[in-house]
Amino acid sequence: DGHGDNLTYILVSHAPDSDSWWNTVKNGVALAGEQMGVTVEYRNPPTGDLADMARIIEQAAAAQPDGIITTLADFDVLSGPIRAAVDQGIDVIIMNSGTPDQAREVGALMYVGQPEYDAGFAAGQRAAGDGVGSFLCVNHYISSPSSTERCQGFADGLGIDLGNQMIDAGQDPAEIKNRVLAYLNTNPDTDAVLTLGPTSADPTILALQENGMAGDIYFGTFDLGENIVAGIKDGTIQWGIDQQPFLQAYLPVVVLANYDRYGVLPGNNINSGPGFVTASGLEKVEEFAGEFR
Amino acid sequence: MEPIIQMKGIEKHFGSVIALAGVTVDFYPGECHCLLGDNGAGKSTFIKTMSGVHKPTHGEIMFEGKPMQFDDPRDSIAAGIATVYQDLAMIPLMSVSRNFFMGNEPIKKIAGLRFFDHEHANEVTMREMRNMGINLRGPDQAVGTLSGGERQTVAIARAVHFGAKVLILDEPTSALGVRQTANVLATVDKVRKQGISVVFITHNVRHAMAVGDRFTVLNRGKTYGTAMKGEISPEELQDMMAGGQELATLEGSLGGTV
Amino acid sequence: MEPIIQMKGIEKHFGSVIALAGVTVDFYPGECHCLLGDNGAGKSTFIKTMSGVHKPTHGEIMFEGKPMQFDDPRDSIAAGIATVYQDLAMIPLMSVSRNFFMGNEPIKKIAGLRFFDHEHANEVTMREMRNMGINLRGPDQAVGTLSGGERQTVAIARAVHFGAKVLILDEPTSALGVRQTANVLATVDKVRKQGISVVFITHNVRHAMAVGDRFTVLNRGKTYGTAMKGEISPEELQDMMAGGQELATLEGSLGGTV
Amino acid sequence: MTDTSSTDERVKEMSGLRRAMIRPELGGMVGVVAVFTFFLLFAFDSGMFNMQGVMNWTTVSAQFMIIAVGACLLMIAGEFDLSVGSMIGFAGMMIAIFGVVLGWPMWIAILITFAICIAFGALNGYIVVKTGLPSFIVTLATLFILRGFTIFIPQTVESKTIIGGIREAAEGDWLAPLFGGKVGGPIFQWLGDNGWISTFTRGNLEGQPVIDGIPMLIIWAIALVIFGHIVLTRTRFGNWIFAAGGDAQAARYAGVPVDAVKIKMFMFTAFCATVFAVCQVMEFGSAGADRGLLKEFEAIIAVVIGGALLTGGYGSVIGAALGALIFGVVQQGLFFANVESSLFRVFLGVILLLAVILNTYIRRLITGER
Amino acid sequence: MTDTSSTDERVKEMSGLRRAMIRPELGGMVGVVAVFTFFLLFAFDSGMFNMQGVMNWTTVSAQFMIIAVGACLLMIAGEFDLSVGSMIGFAGMMIAIFGVVLGWPMWIAILITFAICIAFGALNGYIVVKTGLPSFIVTLATLFILRGFTIFIPQTVESKTIIGGIREAAEGDWLAPLFGGKVGGPIFQWLGDNGWISTFTRGNLEGQPVIDGIPMLIIWAIALVIFGHIVLTRTRFGNWIFAAGGDAQAARYAGVPVDAVKIKMFMFTAFCATVFAVCQVMEFGSAGADRGLLKEFEAIIAVVIGGALLTGGYGSVIGAALGALIFGVVQQGLFFANVESSLFRVFLGVILLLAVILNTYIRRLITGER
Ligand SMILES: Nc1ncnc2c1ncn2[C@@H]1O[C@H](COP(=O)(O)OP(=O)(O)OP(=O)(O)O)[C@@H](O)[C@H]1O
Ligand SMILES: Nc1ncnc2c1ncn2[C@@H]1O[C@H](COP(=O)(O)OP(=O)(O)OP(=O)(O)O)[C@@H](O)[C@H]1O
Ligand SMILES: [Mg+2]
Ligand SMILES: [Mg+2]
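Protein chains in written order, with my numbering: chain E, 1 to 293; chain F, 1001 to 1258; chain L, 2001 to 2258; chain X, 3001 to 3370; chain C, 4001 to 4370.
So that you can see chain E by itself, here it is in the shape it has in the complex (with noise of 0.2 Å):
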C-alpha cells in the first residue's frame, strides 16, 4: 500500500550469544520480520556485557532504524543510550527485562514481557499455598542481576529469607547437576527446587532422578525447553513458568511496524508472561520448545 516500505528495526539483547533461551527471540523477530515484510537485526552483546550493550544501543541509533528493540537489564547502564536514542526520533519497545515503570521512564512506546521480580514472586505464592517452606534456588547465572531477582521474587513470595538457598551452580551440565546433589544431600528436607532456566533445569531433572526425588520434591522452572516440557509431562516437574519470549520478539516488530505504516499503538503495556504451564495441554509447548517456546 506504499506506507513504509522499507522499515528496519534493531532487537537488542543483553544475552551472550550462546545463551540459548534467546534463540526463540531470534526466531520470533525473524518470523515477524517476514511476516510484516519489515527488515529486523538481532544484536547483543558476544560475553553478555551490560556496558557493551550499551554501546550497542549506540550503534544501533548511529544507524537510524525506524525503531529499536531492546531490554532493560540494568537501568542505570542502559537508561541513557536509550534515551539518547528517543530524543533523536527513533522508536523504541523495551522487551523482557525491566518494568512497565521504567520503560515509560526512559520514552519507550511500551513494554512487552514479563518482570523479574514479579513473576519469581508469583510463582513463590502459588509454591507457598502447595505447601513449599524451604526450596533451593538453582542459580546458573548468578552474575546476572535479573536471576538474582527471581529467586529473590521466590522466596519473598514464599515469605521467607532468601539465604544460603541460592547458589551459584556455574554452567557446566555435571556440575550443576553435582552441586545439586550435593546440596540435597547436605539439606534432604529441603521442599522445593527452582531452576532458572533450561541450562539449570536439565541437570537438575537428572539430579532429581539420580537420587530419586524426581517427582518427590516440588520442582518449578523458569522458561521452556524441550527437556523441561518433557519433565512437566512426566510430573518431575510441577509446572514451568512461561514468559513466552516469541511474543515479547513478535509482538513489538508487529506493534512498530503498524504504528510506523498506520500511527495505530495499543494503548496498554504487554504482560508475555508469567504464564504456568503445567502438564495440561502441553501439546503445543511440546512441538515448538527451543524453538518458538
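Hints are computed from structural coordinates only; laboratory data are not their basis. Check before you lean on any hint, since a few could be wrong.
[Stated by the list, open to error] Covered stretches of chain L, as calculated for chain F (at least 3 residues, CB under 8 Å): (1) 2049-2057; (2) 2117-2126; (3) 2176-2182; (4) 2195-2208.
[Claimed, not checked] Dumping the calculated DSSO-like pairs for lysine-lysine here, alpha-carbon to alpha-carbon at most 27 Å: (5) LYS2055/L with LYS4182/C; (6) LYS2222/L with LYS2066/L; (7) LYS3130/X with LYS1055/F.
All C-beta atoms in this analysis are idealised placements derived from N, C-alpha and C, irrespective of residue type, glycine included.
With chain E's structure known, arrange chains F, L, X and C with the ligands on it following the hints.
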C-alpha cells in the same frame, strides 16, 4: 680416498644478511678437518647446513658420493652425522641420562610393548661420563645443575657415543678446563683413528694443530684457503684465521700464537 | 698496596650442593688477577658472589677496606664493579646500542624532563665496537643477529666502557676469534695500566700468562694456591689447573701446554 | 651407581626418605591430604563422605581428570590449548547434528566427531609449529572460531542452540554406552541387597542402593590417567615429550621430531576434550552451544596444581590427576560444607596460588634449578 | 653512521623506503587500512561513517585502548595480567560501595578505589617477582579471587549484584567529571549551528548537533597512549621495560632493577583498568558484578594484533593503540554491516591469526631473529 661429504658452493642468506657466499669443502673419513676463522665468519652456519639445521640457499651437498638433502637434523643423524652444536643441545630440566639418550632412547620390550630402558640408559651414561673425567652425582641429576663445562662434556660424550660416520664439533673445547680439553682432544684423536671423519671448529690454533689433519679457514662467508698438516706453521695459520688483518700487539709476553 | 676487594672464607651452598667451601682471595688495583681451575671448580660462583648475583652462605667481603654486602648486581655496579658474565647478559631482541647502555642510559633533558639520549648512545656504541674490531651494520641492529663472538665483544666493550674500579671477566675469550682475543687481551692490559683491578677467568694457560700478574687456582670449591707472575711456569700452572690429576696424552704434537 | 654419587664430597647428605618423598607429585599429594583433612573436619556429617557424596565428587573430579590428562601432556610438551572448552561445546554439537538432526547412526556420529575434533587439534598444532607462534595466541583464535561455529551452525540448521534427543537417538547403539553407560550395576545391587551399602530412604527409588553403577566417565578418567602416565614416564615418546617442552631447539638438534610430538599432543588434547564431550552429551542427552565454557582454564589449573611447569618440560600425569581431584573435592566440598557459593572463586584462587608456590619449591629441590 | 653499515659487503641492499616502513607498528597500520577499506566497501551507507557512527566505534576503540596501553607495557616487560577484567568489575563495585552504599563523597571513593586497585596490582607483581611464578598463573588466581569478591561483597551488604545510583551520588563532585564528563560541548554546538556538522533531524533534539562533546574516555585513551609511547621509546625507564621483558636475568646482571620495573608495570595495568572502570561507572551510573568479563583477553588481543611479542621484550604502544582501533572498528562494524553476531567470534579469531602471522613476519625482518 673418496670424500664422505662434499660441500659444493654452499651459500646461505638470512634475510638481507649473506652468512655464506659460496663455500666448497670436502671431508674425508679418518681425517680431522679443522674449520677455522674469525667470529662471524660463518663456521657455525656452514656446519648447520651440513647437519640439516639450515637449508642452503644455493649449493649442493654430496654424502658418500650421492647428492643429499637434509631437511631436518633427524635426517643427518639417520645418515650417520653426529653434531655438537655451539649453542648446546641440552634440556636443563631433564636428567643427564635422559638427555644423553634423547632421540636415541634404548628400548626394552615388555609383553610386546616397547618401553624406555632406564637401567641401561643410566648405566651407560654414568660410564661414559666417567670416561670423560666427570663424576656425576647420579644419572638422574638434572642437566641444569651442571656447570657449563660439564654440560659441554655431556654433549660431546653423547655425540661420540652415537656418532657413526661423521662427527662435527663446533668449538667443543671453548668452555672446557685443561683436563677436559685434553680428554676431548684425545677422544677426537681416537675417533679419527677408527675411520670416522671429524669436523672440528676452534679458535685455538694449538688445539687445531694438535689434532687437525687438514685446515680450512673461512673469512666473511668465503673460503680463505685449505692446507694439509705439515704444510703450514702455527703462525701462518693464525694469520689466516685473523683474516689477514693485523693483530693488536701486547707489550708483554704474548709472543707467537694466541 | 691496599687490596681493593678482600674475599674472606667465602662459602656458597646451593641446596645440597656445596659450590664454594671457603675461598679467600685478595684483589689489588692495577693488577690482573687470573682465576683458574677445572670445570665446576666454582670460579663463576665465586665471582658472582663478588658482583652481588649470589649472596655468600658464609664469609665476608671487604670493599676498599670496609665490609660490604651486595644484595643485587646494582649495588656492585654502583660501587664500581663491572662484570662480563659467562652466561651473557645481552637481550637478543634489543638493539646493540640499547644493550650497550642498558642500566646506564645516557640522559638528555628536554623541558626539564629526562629523556634517553639516543644519538649519543648510538655514536658511542659504534665507536667502541669499532675499537674492538667489530664493524656493526648499524647501532639499531638487534643483538640477536650477532654471532656468539660478536655478542661477547659487545659485553666486554660495555664493561670496559662503564667499569670504574674493578673489571671482572668470566671466560671472555672462550668464544672469540684470534683477532678479537688479541684485542681483548690488549684491552685488559690497557685497563690494568689505568689502575683498575681486573679479575680474569680463563681455561687458557697462555692467555693467563700473557696478561696475569697473579694467579689463583680453585679446585672443587677450595683455593688450591696463589702465585705471582714469574714465580711459576706455564707447565706448572697447567698442572695446577688440572687439579693435579693426570692429563690424557696425545700421541701427536700436543706437547707442553694445551 | 650409588658409590659414584657418594664420592662427591661437595654434596651434602640427603636421607633416603627425603629423596623418595621429593617427587613432582608431592605437591599434589600434600594438597590432597590437606583438602581431605579440611573437609573431614568441617563437613564430615554433611553427607560428603557417604557413598552418594563420594560418588558425587568423584564424578566431578573424573571430569576434570579427563581434560587434565590431555592438558598435562600438552603442557609438558611446551604448549597449551585454550580451545579445549570450545572444543567440548563443538564436539557435543557435532554429535547432535550428525546423530539427531541428520539422523545418522550414533556410532558413526561419534566416530566422525572424533575425527573432526582431532583434525582441529592437529590444525592447532600445525599452525603452532609451522609459524612458531605462541600456542596461547593460536588457540585463543581457535577458541573464538570454534565457539562461533558452535553457535552459528545449530542456529542456522535448526534455529535453536540446544539440541536434545541424543539419548533417544543413541538407544541400542553399540558405541554410545562406552561413553554414557554405567558399569557394575549388578554388583551394587547385590551389595545393596545385602546391606553392605546404604539404600535410598525417600523418594521413588526407596530401597534401591544409592549407587547403581560406576559411570563410564570415571572409567575413562582412570584409563586415560594410566595411559598418560605410562606413555610419559616409560616410553621413548615420553622422553620426547619432555624434550620438546624443555627446549624445542635443543631437542630438534638431537633428532627428536619435535613438530610431530607437539602436533600429536594437540591431537591428544582434542581427543580428551572429545571424550569429555561425548560422555557429557550421552549423560545429559542434549548438546548446547554454551557447553564447556572456561573448561580450558579448569584443565590448566588442575595441571598446574598437580605440579607441571606452565612453560613446559616438567610435570606428571599423576600430579595432574591429583590436581583434578583437589579441584573436584574443593568445588563440591564447599557445597557440602554450606559455604556461600560465590566465595568458591576466592577459594579456588587461593588454593591455586598456594599450590603453585609449594610446587615451585618442590621442583627447585628436585631439579636444583638455578 | 651509514658509511659503516655500507662497508659490510655481506648485507644485501635494502631501500630507504623499505627500511622506514618496517616498524613494529607496520602490522597494525596495514590492519587498520585493511579494516577501513573493508567497511567502507561493505557498510558505507549503514551510518557507520556519519558523525554518530564514528563516535560510536571511536568510543569502543578508546575503551580498548585504555586497557591495551597497560597490557602492552606489561607485556613488553615480560608479564601479563589476566585479572584486568576482574579488576574492572571490582573497581566499579568498590566505587559503588564507598560512594553509594557508604555514602562517602565521590572523590574519596574514587581515590580510595584507585589506591586499592593499584595495591592489588602491586601485590600481583610482588608475588610474580618474588616467587618467580609465571604471571599467567598468579593473575589467573587473582582473576578468580577478585571476581569472587565482586560477587560476594554486594550480595552480602546489599543482597543484589548490581548497585546503581552512582551518577546521582557523583553530582557536583569535582573529580567525577574527569572520568564521566564530556568536553568541547560548546564547540560542537557552534559547529552544529554553523552547519559544519550534521544535526538531528527529528525527535526532541531536532536541530542540535549529533555529537554534544567528546567523552573523557577518549581523552584518557589518547593521553595514556601518548604517555605510554613516550615512556617506552624515549626514556631510561622505557629501556628498562624492554630489558626486563627481553631477558630478566641479563637485565638484572646489567643493573636494571627488574623487579621494581615489573611491579610498576603491574601497578600501571591496574591503574588503566581502574580508569576504565571509573569512566564506565560514571557514564552508566551503576556497578555490576559481571562488568569487565573477558576484558583481559580483549586487551591482550589488541596488544598482540598491534605487534607486541607475547613473551615480552618487543612491542609498541602505538601498535597496541592501532590494535585496539582495529578491534573496536571490527566489533562495531560487524553490527553496522549486520553480520550474524555469532560469526563475530569467527572473524575475531581469523583476524587475530592473520595479524600475528603478519606481525611475526615483520618482526623477523626487523630483528633478524633466528
Ligand atoms: N639465523 C640468522 N639470522 C640472521 N643472521 C644470522 C643468522 N645466523 C647467523 N647469522 C649471521 O651470519 C654470520 C655468520 O654467523 P656464524 O654464527 O656462522 O659465525 P661463526 O663463524 O660461527 O662465528 P663464531 O666464531 O663467533 O661462532 C654472522 O654475521 C651472523 O650474524
Ligand atoms: N644455582 C646453582 N644451583 C645448584 N648448583 C650450582 C648452581 N650454580 C653452580 N652450581 C654448581 O656449583 C659448582 C660450581 O659451578 P661454577 O659454575 O661456579 O663452576 P666454574 O668453575 O665456573 O666452571 P666452568 O669452568 O665450567 O665455568 C658446579 O658443580 C655447579 O653444578
Ligand atoms: Mg659459531
Ligand atoms: Mg664458569
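Mind taking a look at whether chain F covers the region 2049-2057 of chain L? Criterion is 3 or more residues with CB to CB distance under 8 Å.
Contact hint for the region 2049-2057 of chain L vs chain F: violated, 0 residues under 8 Å.
Are the Cα positions of LYS3130/X and LYS1055/F separated by 27 Å at most?
holds (16 Å)
Do the alpha carbons of LYS2055/L and LYS4182/C lie within 27 Å of each other, as the hint requires?
With a Cα-Cα distance of about 55 Å, the restraint between LYS2055/L and LYS4182/C is violated, given a limit of 27 Å.
Coverage claim, chain F over the region 2195-2208 of chain L, checked by counting residues with Cβ within 8 Å (three needed):
holds (count 5)
Check whether the Cα positions of LYS2222/L and LYS2066/L lie no farther apart than 27 Å.
holds (24 Å)
Annotated coverage of the region 2117-2126 of chain L by chain F, confirmed only when three residues or more have a Cβ within 8 Å:
violated (count 0)
Chain F over the region 2176-2182 of chain L, status - at least 3 residues with CB closer than 8 Å:
Since three or more residues must qualify, the claim that chain F covers the region 2176-2182 of chain L holds, with 7 doing so at under 8 Å.
Checked against the numbered hints listed earlier, the structure breaks hints 1, 2 and 5; every other hint is satisfied.
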